[in-house]
Every structure is written in structure tokens, then in C-alpha cells.
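Kindly produce the complete structure, drawing on both the sequences and the hints.
There are 4 protein chains.
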Amino acid sequence: MDTTPPAGSDLAELTAAIAAFSAERHWQPFHTPKNLVMALSVEASELVEIFQWLTPEQADDVMSDPDRGEHVREEIADVLSYLLSLANRLGIDPAQALRDKMVKNAIKYPAGAPGL
Amino acid sequence: MDTTPPAGSDLAELTAAIAAFSAERHWQPFHTPKNLVMALSVEASELVEIFQWLTPEQADDVMSDPDRGEHVREEIADVLSYLLSLANRLGIDPAQALRDKMVKNAIKYPAGAPGL
Amino acid sequence: MDTTPPAGSDLAELTAAIAAFSAERHWQPFHTPKNLVMALSVEASELVEIFQWLTPEQADDVMSDPDRGEHVREEIADVLSYLLSLANRLGIDPAQALRDKMVKNAIKYPAGAPGL
Amino acid sequence: MDTTPPAGSDLAELTAAIAAFSAERHWQPFHTPKNLVMALSVEASELVEIFQWLTPEQADDVMSDPDRGEHVREEIADVLSYLLSLANRLGIDPAQALRDKMVKNAIKYPAGAPGL
Numbered sequence: 001m002d003t004t005p006p007a008g009s010d011l012a013e014l015t016a017a018i019a020a021f022s023a024e025r026h027w028q029p030f031h032t033p034k035n036l037v038m039a040l041s042v043e044a045s046e047l048v049e050i051f052q053w054l055t056p057e058q059a060d061d062v063m064s065d066p067d068r069g070e071h072v073r074e075e076i077a078d079v080l081s082y083l084l085s086l087a088n089r090l091g092i093d094p095a096q097a098l099r100d101k102m103v104k105n106a107i108k109y110p111a112g113a114p115g116l
Numbered sequence: 001m002d003t004t005p006p007a008g009s010d011l012a013e014l015t016a017a018i019a020a021f022s023a024e025r026h027w028q029p030f031h032t033p034k035n036l037v038m039a040l041s042v043e044a045s046e047l048v049e050i051f052q053w054l055t056p057e058q059a060d061d062v063m064s065d066p067d068r069g070e071h072v073r074e075e076i077a078d079v080l081s082y083l084l085s086l087a088n089r090l091g092i093d094p095a096q097a098l099r100d101k102m103v104k105n106a107i108k109y110p111a112g113a114p115g116l
Numbered sequence: 001m002d003t004t005p006p007a008g009s010d011l012a013e014l015t016a017a018i019a020a021f022s023a024e025r026h027w028q029p030f031h032t033p034k035n036l037v038m039a040l041s042v043e044a045s046e047l048v049e050i051f052q053w054l055t056p057e058q059a060d061d062v063m064s065d066p067d068r069g070e071h072v073r074e075e076i077a078d079v080l081s082y083l084l085s086l087a088n089r090l091g092i093d094p095a096q097a098l099r100d101k102m103v104k105n106a107i108k109y110p111a112g113a114p115g116l
Numbered sequence: 001m002d003t004t005p006p007a008g009s010d011l012a013e014l015t016a017a018i019a020a021f022s023a024e025r026h027w028q029p030f031h032t033p034k035n036l037v038m039a040l041s042v043e044a045s046e047l048v049e050i051f052q053w054l055t056p057e058q059a060d061d062v063m064s065d066p067d068r069g070e071h072v073r074e075e076i077a078d079v080l081s082y083l084l085s086l087a088n089r090l091g092i093d094p095a096q097a098l099r100d101k102m103v104k105n106a107i108k109y110p111a112g113a114p115g116l
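Chains as they are written, first to last, in UniProt numbering: chain A, 1 to 116; chain B, 1 to 116; chain C, 1 to 116; chain D, 1 to 116.
A portion of the hints provided could be inaccurate.
[Stated by the list, open to error] Derived list of chain D stretches under chain A, where covered just means 3 residues or more per stretch with a C-beta under 8 Å from a C-beta of chain A:
{"no.": "1", "segment": "33-43"}
{"no.": "2", "segment": "90-104"}
[Unchecked claim] Counterexamples of contact, computed for chain B against chain C with all Cβ distances above 12 Å:
{"no.": "3", "residue": "8"}
{"no.": "4", "residue": "10"}
{"no.": "5", "residue": "16"}
{"no.": "6", "residue": "39"}
{"no.": "7", "residue": "54"}
{"no.": "8", "residue": "65"}
{"no.": "9", "residue": "66"}
{"no.": "10", "residue": "68"}
{"no.": "11", "residue": "70"}
{"no.": "12", "residue": "89"}
{"no.": "13", "residue": "96"}
{"no.": "14", "residue": "99"}
{"no.": "15", "residue": "101"}
These aren't lab readings, by the way, just hints derived from the structure by calculation. This one's a predicted model, so the numbers in the text were calculated from it and none came from an experiment. Virtual Cβ for every residue (Gly too), placed ideally from N, Cα, C.
Right, dumping it as C-alpha cells:
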């Protein structure tokens, strides 16, 4: 099985690479929807942990520290990885889900309107 | 500004669409790194909320209910949206970060080795 | 069954009141350890959601708005409720756990030492 | 300053002990409401992390493993600690908040009614 990660940034290709990676390690029995949402939220919280004691200014500047920047990059990768695994497990196309949500949000939050 | 969502599933194109969407609504002042990690974790928890009282069997079958399935799709879209906004704000290429993490994990978790 | 909430702030009494409340509603089958940790983290994130777009100054002043202040109070109640349910389910005394952790932290973080 | 943890399980006394502990370490500038909600959610997620790959049966039995059980106890302590610090910072009595929420929930979820 070729599990060389794809060169581009296409979500379908990244999803296939992650699925192959998990299959080679026999992780599918653990990767139930319930467990994957838990893991996704845990990884998101590991991003929060990096930022929790930083001032807004320090947070803006987080990538200027190489170690901390690398830590942020890795946690972003982990969140993306579990998100793609979850979507794949549930048969959801995350790119299409995002497009559909943008259309819905464009109505809910008209451009030019004040506030969040 | 053309904010038509892109047709494909390329992360760079999706990121550009989301950035344009936020810019048109003047959300950038709110979209600091610290706030975006908070929002990302909140959206991940909204996924957890859908699954928290379900049995493993009900969780596996979550997409068979149209309303609940659409809810899951929307929350996956929200997580992806904030993840791309955060990565964009920090100058991180999430596809490259994922590839790099897979290389690192391939060493940490050799294929065929037992356990997680 | 008397489920009048206790008048004081004793954790053991609050725990007993919550256990009786759940029992009367037949929630125990849902209140497994795995589900309770999920619910606890979801409630904690609902607190985060209140604060995510606020400036530090607005966050400091959150209780001056009656509606928002009441929302914060309710979410703090929800976190405490699930925390006590979880501890009770696992046979953990949360007050004793906290005391033990403080003793451990007093060694890890000596008073007067700089930094976090 | 006497920061001996209190012997009982009274929330007000535990709160005072934690406040003194933080003050002795000069942590108050970090313990803003925004930062404390982040830390609270991170600690809740550290509990989730312990349970994420466990089967429901393994999760029910989590305390039978001494190391894992101690880990759970410590994370419960951490969640309680930040919850009390947050409530204290915001001037909220968490026991009273819980009682008020129970009264509200008793109306929302009448005893004997089916379902969650």
C-alpha cells in the first residue's frame, strides 16, 4: 500500500492518505464516530492550551518562537487529521459541507451588516 | 470581490474563500489567534454534544437521521472553517503541516506494531 | 425522595442532591463515565463560547450585563453538576482530590518562584 | 499566610485555599476570566483524553487501574480548581448557582417524564 502523503492540498487526497495510514496500523476499531469526535475536541484543546496564558500580543506573535510555532503546526495537523478521519467515517465531504455552510452563513450574516 | 466558494476540495482555495468571506463582514479584528483557537474548540465541542448521550451503535448510525446528519455536516464545516482561518492567520499551510506530522507519526507508530 | 437542594456549599451534600435528581429522571444509564466526561467538556466549552469574541476588558466586565452574567452562572452550575456526577460515578471525593493536588502542586510550583 | 488546605468539602473554604495558593505564586495577572475559561476547558479535555479510546466497559472500570485512576483524580482536581478560581474571580457562588440551576431544571425536566 502506498501511503506516501500527497503533494498537494486536496482534501480528498489527504483523506485517502490518512485512511491508509490508519488502516496500516489497524486503528479502525478505535476510530468510531464517538471516539473520533472526542479525539478531535482533545486536539483542539491542545491548541487552546498553547494560547491560554498568553496575552493577545504574545498570541499574535506565537509563530516567531520556532519551538512554539512548530507545536502549533503539529496541533493544527492533528485537528485536521481527526477531522478528515471523522468526515471519512461518516461519509461526509468536508469541502462540500464547508461550501454549503458558507452559502447558509452568507444569508445569516449579510456582508456589510454590523456586528458578529 | 468574488466570494463564490471554489468547486473543488483544495485547501488553499477554500482558505481564500473563507478569508474573503470574513473580510467582507469585517470579522478580522475578532479573528485573533487566541479567539480563533477558542472558537475552534467550541465548534469541536458542538460535535461532541451531538454524540455525548448516544450509544456506540447510535453514534455509528448518526447519518441515517437526516436532521442529525445535517447537524453533523454543519459542525464539521464550522470546525474546518475556523481551522483554516487560524492556519491562515498564523501563516501555516495545514496540508503541509499534516504531511509533516504523518512522516513524524510514521516513525512514532510503525505500521504493524501493536496497540495505539 | 427529598431532592430539595442543600442550603450550604458542602460538596458531599451537593453531590447527593444531584444524584437524587438524576435518579428521579432515570438518567443513570446515560451517565456512564465516558458520556459524563464528554458532557463535562461540552459544558466547559459553553463557557468558552461566551468569552470567545470578547476583549480582555469586556471579559473582565462580563458580570455587569445581567443576561450574560446569568448565562455564565448557569454554565458554571452545569460544569459543577457534571463534575460532581462524574466524581460520584467513579467513587472519587473531589475535595480530597483537590487537596491532594494542591499538596503536589505546592512542590511543583514553590511559592515565590518566578513564572508559571 | 496559611494555605493549609481545609479538611472538609466546603466549596467556600476550598475556594479560599485556592485563591491563597494562586496569590502566593502571583498567578492573578494570568487568571483573567478569559484565560481561566480556556484553562478550565483544557483540563476538561484532559479528562476526555483519558477516556477517548476506551470501550464503554473499559471506561466503567477506569478506577481499577491505580495509575489511570490517579490520573483521573488529578484531572478532576484540576477542573474543580479552575472552576472555583473562575467563579471566585467573577463573584459567583458556585453552590448557589448549582442550586438555582437545579430548580430551573426541575421545571424543564419533570421527574418521571421520559427521555433526556
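Results of checking the hints against the structure:
1. 33-43: Since three or more residues must qualify, the claim that chain A covers the segment 33-43 of chain D holds, with 5 doing so at under 8 Å.
2. 90-104: Check failed, 0 qualifying residues.
3. 8: The assertion about residue 8 of chain B holds, with a minimum of 30 Å to chain C.
4. 10: Check passes; 28 Å lies beyond 12 Å.
5. 16: Holds, because the least Cβ-Cβ distance between residue 16 of chain B and chain C comes to about 23 Å, which exceeds 12 Å.
6. 39: At about 5 Å from chain C, residue 39 of chain B fails to clear the 12 Å cut-off, so the statement is violated.
7. 54: Not fine: 9 Å to the nearest Cβ puts residue 54 of chain B too close to chain C.
8. 65: holds (18 Å)
9. 66: Non-interface label on residue 66 of chain B holds, nearest chain C Cβ at 23 Å vs cutoff 12 Å.
10. 68: Residue 68 of chain B clear of chain C: closest Cβ-Cβ about 16 Å, beyond 12 Å.
11. 70: holds (20 Å)
12. 89: holds (15 Å)
13. 96: holds (27 Å)
14. 99: holds (29 Å)
15. 101: holds (23 Å)
In summary, the numbered hints that this structure violates are 2, 6 and 7.
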